[in-house]
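J.: Starting from the given sequences, assemble the full structure and let the hints guide the process.
Listed in order, the protein sequences are those of chains A and B. So in the working numbering, spot 128 of the first sequence is number 128, and the numbers just go up one at a time. So in the working numbering, spot 33 of the second sequence is number 33, and the numbers just go up one at a time.
By construction, these hints were calculated from the structure, which means they are not laboratory data. We treat Cβ as the ideally placed atom computed from N, Cα and C, and that holds for glycine. Take these hints with a grain of salt, some might be off.
Here are some chain B residues pointing at chain A (derived, C-beta under 8 angstroms) [as the list claims (entries may be wrong)]:
| hint | residue |
| --- | --- |
| 1 | G70 |
| 2 | N159 |
| 3 | I161 |
The calculated label-pair distances, taken between Cβ atoms and stated as ranges, are [stated by the list, open to error]:
| hint | chain 1 | residue 1 | chain 2 | residue 2 | range |
| --- | --- | --- | --- | --- | --- |
| 4 | A | D10 | B | K123 | 38 to 48 angstroms |
| 5 | B | E156 | A | R24 | 50 to 60 angstroms |
| 6 | A | K77 | B | K99 | 17 to 27 angstroms |
| 7 | A | K148 | B | A17 | 32 to 42 angstroms |
| 8 | B | I18 | A | K133 | 41 to 51 angstroms |
| 9 | A | D36 | B | E96 | 43 to 53 angstroms |
| 10 | A | I161 | B | G84 | 27 to 37 angstroms |
| 11 | A | G7 | B | N169 | 36 to 46 angstroms |
Residues per chain, in single letters:
Number of protein chains: 2
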Amino acid sequence: MIHFITGNKDKFEEIKAILPEIERMKIDLPEIQEIDAHEIIRQKLESAQKHAKGEFMVEDTSLYLECLNGLPGPLIKWFLKTIGVGGLAGLAEKLENTKAEAKTVIGYMSGSGEIRFFEGIVKGQIISPRGEKRFEWDRIFRPDGHDKTFAEMGMEEKNKISMRRIAVNRLKKFLKA
Amino acid sequence: MIHFITGNKDKFEEIKAILPEIERMKIDLPEIQEIDAHEIIRQKLESAQKHAKGEFMVEDTSLYLECLNGLPGPLIKWFLKTIGVGGLAGLAEKLENTKAEAKTVIGYMSGSGEIRFFEGIVKGQIISPRGEKRFEWDRIFRPDGHDKTFAEMGMEEKNKISMRRIAVNRLKKFLKA
Chain A
1 MIHFITGNKD KFEEIKAILP EIERMKIDLP EIQEIDAHEI IRQKLESAQK
51 HAKGEFMVED TSLYLECLNG LPGPLIKWFL KTIGVGGLAG LAEKLENTKA
101 EAKTVIGYMS GSGEIRFFEG IVKGQIISPR GEKRFEWDRI FRPDGHDKTF
151 AEMGMEEKNK ISMRRIAVNR LKKFLKA
Chain B
1 MIHFITGNKD KFEEIKAILP EIERMKIDLP EIQEIDAHEI IRQKLESAQK
51 HAKGEFMVED TSLYLECLNG LPGPLIKWFL KTIGVGGLAG LAEKLENTKA
101 EAKTVIGYMS GSGEIRFFEG IVKGQIISPR GEKRFEWDRI FRPDGHDKTF
151 AEMGMEEKNK ISMRRIAVNR LKKFLKA
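T.: Shown next as structure tokens:
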């Protein structure tokens with residue numbers, strides 16, 4: 001059994017479907033000001049270790065724009081709060097480079113405290129917002145080889161190609177080995 | 001005597017020259033992921049209170065671009081790390097709005113734990129980097145009514161008009177009253 005530390009129920013269920021051995025753990029760990037997902041995850045895992053024993057898992061899924069040299073990444077929340085998805089799409093357009101990566105990083109901490117990272121990346125383009133508002137940056141990310149934004153795809157369609165699935169499958173493979 | 005919590009010696013000395021009653025306190029408080037300077041300061045003051053007794057002061061000076069609806073603000077560090085000052089200036093130019101504010105927020109916590117904020121704002125324009133590299137975003141900020149960027153001014157010239165001085169003077173006035 002692995003403690004998956006997340007405040008997001010949907011994320012938990014999406015991953016549980018692929019990795020049944022996880023159990024949700026809700027502890028409110030402060031998110032440090034950091035742009036490197038690995039570092040954010042590492043610190044959360046190390047804090048979690050002080051709360052309980054066992055194996056832990058923390059996940060970060062963020063959007064990285066080439067025209068901003070990787071921003072916003074884990075700072076996406078603050079970009080949404082200030083310029084919103086429309087502003088972000090406008091930036092990419094004005095900077096004439098709409099390439100982006102949607103990336104999931106999973107950090108797994110074994111019972112002995114060793115940390116391993118597993119990544120999943122989907123490459124795509126930033127376009128003007130399309131799809132329901134609740135989907136946030138999924139509305140401006142269109143994965144390469146597809147006509148729809150993530151927000152326009154059904155959950156099932158998105159999960160089939162998602163960066164989260166790739167990362168979880170890598171962790172799964174590691175756990176089996 | 002007020003404990004001024006800062007890791008920056010230059011900042012301390014700049015303020016000490018105006019406000020002699022401060023004493024430097026070095027405690028390494030984690031900077032939470034937050035874009036609101038007031039909130040960052042509030043949390044630092046509340047943490048400091050757990051380490052010592054007395055009066056405390058925390059300061060944040062950041063750059064707020066109108067074209068980015070206030071970004072980067074306290075997230076400036078991550079913009080410098082990714083796109084740099086040149087990238088930030090390029091953004092403002094491409095977005096055709098170079099208006100910006102350099103803003104200092106000082107949080108003061110009295111012995112009874114009450115927090116007051118004092119601000120200083122200097123309006124200006126974002127231009128291509130000019131001046132020595134060590135001055136970071138001072139190189140792209142030209143205060144309105146001046147020909148030089150902050151980085152091109154001497155320390156004395158800058159301090160005369162600086163947002164930090166305005167904020168410190170407001171705190172000073174409050175303390176005297």
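J.: All hints are to be evaluated individually against the structure, with a verdict given for each.
T.: Checked hints:
1. G70: Holds: closest Cβ of chain A sits about 5 angstroms from B/G70, inside 8 angstroms.
2. N159: 28 angstroms, violated
3. I161: 27 angstroms, violated
4. A/D10 <-> B/K123: 38 to 48 angstroms: 43 angstroms, holds
5. B/E156 <-> A/R24: 50 to 60 angstroms: The hint (50 to 60 angstroms, Cβ to Cβ) holds, given that B/E156 and A/R24 are roughly 58 angstroms apart.
6. A/K77 <-> B/K99: 17 to 27 angstroms: 25 angstroms, holds
7. A/K148 <-> B/A17: 32 to 42 angstroms: Between A/K148 and B/A17, where Cβ atoms are some 60 angstroms apart, the hint is violated.
8. B/I18 <-> A/K133: 41 to 51 angstroms: Holds, at about 48 angstroms.
9. A/D36 <-> B/E96: 43 to 53 angstroms: With a Cβ separation near 32 angstroms, A/D36 and B/E96 fall outside 43 to 53 angstroms, so the hint is violated.
10. A/I161 <-> B/G84: 27 to 37 angstroms: 34 angstroms, holds
11. A/G7 <-> B/N169: 36 to 46 angstroms: Given about 42 angstroms between the Cβ atoms, the range holds.
In this structure, the hints that do not hold are numbers 2, 3, 7 and 9, in rising order.
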